[in-house]
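So the chains spell out like this:
2 protein chains.
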Amino acid sequence: MSPAAESRAVVLLSGGLDSATTLAMARAQGLVCHALSFDYGQRHRAELAAATAVASALGAAEHRTLRLPVGELGGSALTDTALAVPEPGTPGIPLTYVPARNTIFLACALGWAEVLGAHDIFIGANAVDYSGYPDCRPEFIAAFETLANLATRDGVEGRKFRIHAPLLHLGKAEIIHRGMALGVDYALTSSCYQPADDGQPCGRCDSCRIRAQGFADAGLADPLTRKFTL
Amino acid sequence: MSPAAESRAVVLLSGGLDSATTLAMARAQGLVCHALSFDYGQRHRAELAAATAVASALGAAEHRTLRLPVGELGGSALTDTALAVPEPGTPGIPLTYVPARNTIFLACALGWAEVLGAHDIFIGANAVDYSGYPDCRPEFIAAFETLANLATRDGVEGRKFRIHAPLLHLGKAEIIHRGMALGVDYALTSSCYQPADDGQPCGRCDSCRIRAQGFADAGLADPLTRKFTL
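Just so you know, the protein sequences line up as chains A and B, in that order.
Using our numbering, read the first sequence as starting at 1 and increasing by one per residue.
Using our numbering, read the second sequence as starting at 1001 and increasing by one per residue.
Bound conformation, chain A alone:
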């Protein structure tokens, strides 16, 4: 079901290509968007600056970055610099998986949404061209929506929350086409798991490869200035 126009939504915004496109889609529905980013100790902190730029460019009503030191609990190459970001092609769920990350992010989004009186929560999860994370699958999104409506005052009183993952079944090239049509400036986004200090992507990690393949499949040049080619 489409949310009512002019109502509020919370949009999880990492600063990457997918979440930027998701924010553009929510804005295109006429929603007043409250964007939420997390400083969780990720080594790819360039995405936090990207999130701020994207939120502003796409007309978010508000953008907050919540500091969640879940990286201190360890266990992921995305937050622990003692662990190397794996090369693509490693079988199984990669070491860049952050335990329970989307559960934690959606839980915080849910709390903020209830405070704001928003009942639509957007997440750029994608189960096609992705890294194989369990918390990017449709069954996870559906289970979180069920939980949300049991966990909250609004949910039990009949003001139901909806978790929107509009990219869930789209390939990366299709996501890029839709974002371009909505005016997303992908030059502002950051996808790399281990960018250099100046924000330059590494060109080797899973996330860089998936992005490059997406632009290639879309027949478009990635507007992001970068040092690598496919």
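Keep in mind the hints are simulated off the structure, nothing from the lab.
Hints are supplied without guarantee of correctness; some may be wrong.
Examples of chain A residues lying across from chain B (beta carbon under 7 Å, computed) [said to hold, decoys possible]:
(1) 70
(2) 71
(3) 108
(4) 135
(5) 139
(6) 152
These numbers come from a predicted model, not from an experiment.
All C-beta atoms in this analysis are idealised placements derived from N, C-alpha and C, irrespective of residue type, glycine included.
Use these hints to put chain B onto chain A, whose structure you have.
Below, chain B alone, put in the same frame as chain A:
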């Protein structure tokens, strides 16, 4: 199902009566307990000191306090000093409800559990003598367990998580009796929503009243030094 002895568990520990009893129950099952508290901007910060004392007294292997600034998102009398803690008897879910609190806490516990290789998570949620929060009900706990096993690498690979809420169906007097039998020192715990700077409970809030009624029903004196009587 009971967890295997000598395995690890994550126990949410607020420092109150219920979570202290829950930790004692997990320890009594022979579990190596990793206790997790949250500094979320709560006005009743005395409970953080209580949690540290309780974890030590009950032999937790480790106790961590994670700073989560969810209070900055507003919306609760427990985190916003501009809102008064309501008097008991106010109808409906009280203003002390913190949006999505147990969802956020369990999400963090889940992430830490996966890092530790623990698959048993304990929460002192109680649906009998409680404040009517939606995220203290059995259906919420069950939905979170379902989510946990869809959200995580361990869950999808068949190393299932179990969410234990051993107090869920117990009255407060029964909780106190069980805790006393397990050697819980309730003098270390803190229940009040708005304690004085020296940690003295107010004696008026919902939480103080429920605790006092529990000790009265149990026919026991609350060992906590306090200024109030029922």
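Numbered hints the structure breaks, given as an ascending list: 2
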